[in-house]
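Peer 1: What follows is each chain in one-letter form.
Protein chains: 2
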Amino acid sequence: MTIDPASGDAGPTAVGPVEGGGRAPRGRRRQRAEGPSGPAQPPWRLLQRRMEPVRAVSEDQLESIVQAAKRVLLETGIDFLHPKARELWAAAGADLDGNRVRLPAELVDELVEHAPSEFTLHARNPAHDVHIGGDSVVFCGVGSAPYVSDLSGGRREGNRADFENLLRLSQALNAVHLQGGYPVEPTDVHASVRHLHATHSLLTLTDKVVHAYSLGAQRNIDCLEMVRIARQVDDATLDQEPSIFTVINASSPLRYDDPMLEGILQYSPRNQVVVITPFTLAGAMAPVTVAGALVQQHAEALAGIAFTQLVHPGAPVVYGGFTSNVDMKSGSPAFGTPEYMKAALVGGQLARRCGVPYRSSNVCAANAVDAQAGYESVFSLWGAIMGGANLVMHGAGWMEGGLRASYEKMVIDADLLQMVATFLDPIIVDDASLAVETIAEVGPGGHYFGTQHTQDRFRDAFFAPMVSDWRNFESWEEAGSPSADSHASRLARELLDGYQQPAMAPDAAAELEEFVARRVAEGGVKTDF
Amino acid sequence: MTIDPASGDAGPTAVGPVEGGGRAPRGRRRQRAEGPSGPAQPPWRLLQRRMEPVRAVSEDQLESIVQAAKRVLLETGIDFLHPKARELWAAAGADLDGNRVRLPAELVDELVEHAPSEFTLHARNPAHDVHIGGDSVVFCGVGSAPYVSDLSGGRREGNRADFENLLRLSQALNAVHLQGGYPVEPTDVHASVRHLHATHSLLTLTDKVVHAYSLGAQRNIDCLEMVRIARQVDDATLDQEPSIFTVINASSPLRYDDPMLEGILQYSPRNQVVVITPFTLAGAMAPVTVAGALVQQHAEALAGIAFTQLVHPGAPVVYGGFTSNVDMKSGSPAFGTPEYMKAALVGGQLARRCGVPYRSSNVCAANAVDAQAGYESVFSLWGAIMGGANLVMHGAGWMEGGLRASYEKMVIDADLLQMVATFLDPIIVDDASLAVETIAEVGPGGHYFGTQHTQDRFRDAFFAPMVSDWRNFESWEEAGSPSADSHASRLARELLDGYQQPAMAPDAAAELEEFVARRVAEGGVKTDF
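Protein chains in written order, with my numbering: chain A, 1 to 529; chain B, 1001 to 1529.
Hints are computed from structural coordinates only; laboratory data are not their basis. Wrong hints could be hidden among the right ones.
[Claimed, not checked] Ranges between beta-carbon positions, derived for each pair: (1) A/Asn472 - B/Asp1239: 40 to 46 Å; (2) B/Leu1496 - A/Ser481: 57 to 63 Å; (3) A/Glu75 - B/Ile1428: 20 to 26 Å; (4) B/Ile1428 - A/Glu441: 43 to 49 Å.
All C-beta atoms in this analysis are idealised placements derived from N, C-alpha and C, irrespective of residue type, glycine included.
Isolated chain A, as found in the complex (with noise of 0.2 Å):
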């Protein structure tokens, strides 16, 4: 297998239509880029969110769910498949029987401790680094999916063409601000070297951060350098500056398994970022109660960041809230339900308990990208934000329950951020726009369109979606009745049309190349398949 010129690989192109560069400034928030791009879309830019997180449950009920998670820990234990990872909590003072460990609460309040609040991830291109923790929010594009469609193409297994224009899109939808995984599993590409092509990918057909699967430790290691040569950088630096991460689930319940164990023992010492994340489904992995399943989640993700900070305390950490119920008629996960908006509302008040960052999803379990697909991920998003969630990952692009990325709804869900984007832009209230005196210039019964007032902030006044049809219906009817997923389709191709390869400096770009191919040569990494 050789590289694929046509993957992107090449040298430095014209700076793409990707603003970068930190918060917009005010009251130029949309605009086109120069040269062939794609629909006009708000600028890449970092969000805060200024409302406090809303609180499902009293902090009595909160210290409830801390102090069952913590028995569960003390008394039942969490399996570490690991025998690193079993020795360190040997030494650490753990009780240990067989793969279980049994951890006293003083011992994890301790190290988790250690984790910080927030830190910077930084990408390839530093206009594109962004904030995790305190009161940022970043957007991930969608990861892992198995499968991919489109409407023209309907539904397929993932491939490396799907792979890399999915990617393409990620990098042109500025709401996306950091690549969450393979859009889809290139699954056309050997398990062996998947990673190495996948991640040359990732890091040349974009310019954000990247992450890295953590499945055995070459593979981290080999993705980890990847980033160093992209990012032009030596050890020491990447050893200071977080540069990927990696989401390490729990195999719930209450097991760490090997490959999710090295993922830690590789990027911890290395401070590069570890999302942990228990799959808490109430109801299958964890218990029918909301809140039972709640203390599992907090049992696992206390049990795996007290880890990161045994193997290096410091490392940069995340909380991350998955929990969700199974349909109890056939027991596939949902997503977006209320159970899963008040759990993902728990999960952001256990998360700054821990005093570390809160992950969380946009997340549906749609088959179609129709009016379910729309409004379980609003839920979700709504569950993620209101509780505070640092980071969203599957933000753009995922459909049933995870089993597939569309191209569409990356398109729709773009959209569906840019607008909690500007929902999270604090209210201006200052003279101007209290807009008294306009008030009393228009008077009863007269229109604000004509005024000076509005004449000078129309353009820029209110977020304009790209999908959102606000057409009456009569000229809809005439174009022909299109449907959010009609439009989101047509977007697409707009977008991957207009997409510019983000530049890269040609050393880079040989040395990235030239790694790809030695590993490749290598053989990779062995596979069990």
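Given chain A, work out where chain B should sit, using these hints.
Peer 2: Frame of chain A; chain B shown alone:
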């Protein structure tokens, strides 16, 4: 014109499928009614919001908005087109100049102080009484759409058959607490007698609280008398028990029209409920800034609320927030936008400042029951619920910025409202729900489905939607790839098939029919057209 015998004024039938009687018993939330009925849904029940409302502006900023609104009322003033209204204002010491009334802040504050913070609104079926204010949340069906659609029949002008079918549907949907006006305008009933026929349908096809349109004194009087007959109470009781509500829109900017003021003059003295709702579309009838539009909303709301208290101190009144923005490209109103959400949050802050219940809405601008309809509606609900709305109007069925009622959207929205209801249910945190013993019993690597803890709870553990399709892709595809709107279409038919007319005592039914027949024979009310 005679009363159509098919329109539902027959004698009592079997008791309908709607369970009444306040909050549902815990753990038995989902049940099928006896006899023929539609799809399973949670029972009718009242809701409480225990979460703190979200504040989108600081207390200082809120004060700036309030002070600016008071400056508008004092300096610019507001037009009251009804001579009686101006007389009352003059007598209260306001400054008059033609139609213009200028209001000192002290006068406004003193009047608003008399408005009650909460009250009960009585239905003809006492099991469907609703509480308005405090931490209560109630949902109305859609009101006032000129057009109607369903998936098979397309879009058509409002007519009596659809009007009555939508009443049946909203009666059958337990998520709908009360009727929010005519779901669609029955334009084939002459305007002179429309209120008589339509209110007769409202009172016989449904047994939930009804709304009257303020379109002149006689209509208000007729509707109130019909409600009195349906409830079979005397005038003195009616005057003690709010039993009908009317929405009073300001003709923004800064004007209250004659029929609207007549509504207050008729209903406030009789302690019927007035929902003051400025129609402040930023960029058209209000300043282009969110803060400015809120200043105008608050000025108009204060003037309207104060007027109800001038007419009758202590009269029940609601603060309606309806601020949204227009699409600056087309001039069309947009709904469910980020600006709408922010305005909905601040609207709640302003209403609480007045000490009166808060009204918001579930609105969208979509032309199709597609992803846009889903996401705009949930964004609206996000603003309403997190803003602390007590009364959510247009809760089920609204499309196209209010121009159209949709059967499918009504069913989908009912599901959204039930999801919100479940979201509002407190998380139970006690030993049984924390499930520490069950977590110990299952242990690492186990599964929860077989446990007694799950078996005891799984049937009612999670909200089970009517519409959402959670099957795996293969089963879904095999079933013909139905989208949410086609599910809703089927469900609407099932709900209508299962509809049972709520019982009415024969005396009441006869008296009501007699009243309508007499008033119709008298020619109803004079119209200009």
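Peer 1: In ascending order, which of the hints set out earlier in this document are inconsistent with the structure?
Peer 2: 2, 4
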